[in-house]
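Undergrad: For reference, the chains in residue letters:
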Amino acid sequence: MDFLLQPWPWYVAGPLIGLTVPALLIMGNKSFGISSSLRHICASCMPANIPFFKYEWKKEIWNLFFVFGIFLGGVIAINLLANPNPIEVNPKLAAELATYGITNYNSLIPEDLMNWQSLFSLRGLMVMIGGGFLVGFGTRYAGGCTSGHAIMGLSNLQLPSLIATMSFMIGGFIMANLILPFILSL
Amino acid sequence: MQQNTHTDFEVRSLDAMCVNESRLQHKWYYNIKYLVLGVLFGIVFIKSEVVSWFRIQEMFRMQSFHMYGIIGSAVVVGMISVWLIKKFNIKTIHGEEIVFHPKKFNKGQIYGGLIFGLGWAITGACPGPIFAQIGTGATVIGITLLSAIAGTWVYGFLRDKLPH
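Line by line, the protein sequences give chains A and B. So that you can map any letter, position 65 of the first sequence is 62 in our numbering, and since no number is skipped, the others follow by simple counting. So that you can map any letter, position 17 of the second sequence is 42 in our numbering, and since no number is skipped, the others follow by simple counting.
Any given hint could be a false lead.
Claimed, not checked - Below, computed lysine-lysine pairings styled on DSSO-like, alpha-carbon distance capped at 30 Å:
#1 A:Lys89 <-> B:Lys111
#2 A:Lys89 <-> B:Lys129
#3 B:Lys132 <-> A:Lys56
#4 B:Lys52 <-> B:Lys116
#5 A:Lys89 <-> B:Lys186
#6 A:Lys56 <-> B:Lys111
#7 B:Lys111 <-> B:Lys58
#8 A:Lys55 <-> B:Lys111
#9 B:Lys116 <-> A:Lys55
#10 B:Lys186 <-> B:Lys129
#11 B:Lys58 <-> B:Lys132
#12 B:Lys52 <-> B:Lys132
#13 A:Lys51 <-> B:Lys58
#14 B:Lys58 <-> B:Lys112
#15 A:Lys56 <-> B:Lys112
#16 A:Lys51 <-> B:Lys112
#17 B:Lys116 <-> A:Lys89
#18 B:Lys129 <-> B:Lys116
#19 B:Lys112 <-> B:Lys129
#20 B:Lys132 <-> B:Lys186
#21 B:Lys52 <-> A:Lys89
#22 A:Lys56 <-> B:Lys116
#23 B:Lys111 <-> B:Lys129
Simulated from the structure, these hints should not be mistaken for lab results. Small disclaimer: the values here were computed from a predicted structure and weren't measured.
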């Protein structure tokens, strides 16, 4: 039980995440991919006569069950299996974040940065609304996200997925090291 | 109508993430197995701190091996699984043949990939972890999710004008 409450090491979590690939294939011929759920939500709620959202989304409804499950998994893990200690990070990161007023490590997200009050500040607006928009726009433009390209695509040895994954990482390095410090200092 | 169907096929074929090869029709409750798998997946996300904004920052600052180990070992396990499925011609639990989709390269994978990478490093979440973050009680991330849905919609709206 003690092990369950501790943060799980990468060599336990990574293989479990990798097993999602065969699990979905064997359960019903589904290719692992999560960002499609955002497209299905658009298609079901506001297709607006856009060809990209005119398809038989009901056929893909398994994907919405899957992401609702991920949400429930979050609820269960945080209530029954929560790590009692603050998140441990590299001291260099903690020192850097402290200069931006981010010192609260009680949650998996930085509560100093992401909360309902800061949503209406410039910094919060750029992080939560701007960041979310880039995630939604970028994943669909790239044809997938970390699950669809980096895990499913690479598992199936797809060159386009390798290119996409490298682009994800380059974008992330640029943002975290060059742009985010500016946004956080706002 | 014929033409509409055709357009639909073309649009979907460009987006390999959104293909469901199963031709079987099932009642809605057959989807509960995906819900259960999602729950297990969400628990792993939280317990491994993959959904932690701090962990993503560590990754992009090269300050920790954790995320690289997770993604790397997930890919290795996925590769071995796909290889085994192909090698032994493993079928689905409903007896269907498992089908893989080759992906075609288009420039969107670079442009879109870079844009997604920028967003990933700001929000500390890709589309899966966003749902798990909300589950942990971070309700404000619901706004990030709505914004991501809006981003997807705007992509669909602008699709024909963007380089691919």
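Undergrad: For this structure, which hints from the list above don't hold up?
TA: Those not satisfied are hints 1, 2, 5, 11, 12, 16, 17, 21.
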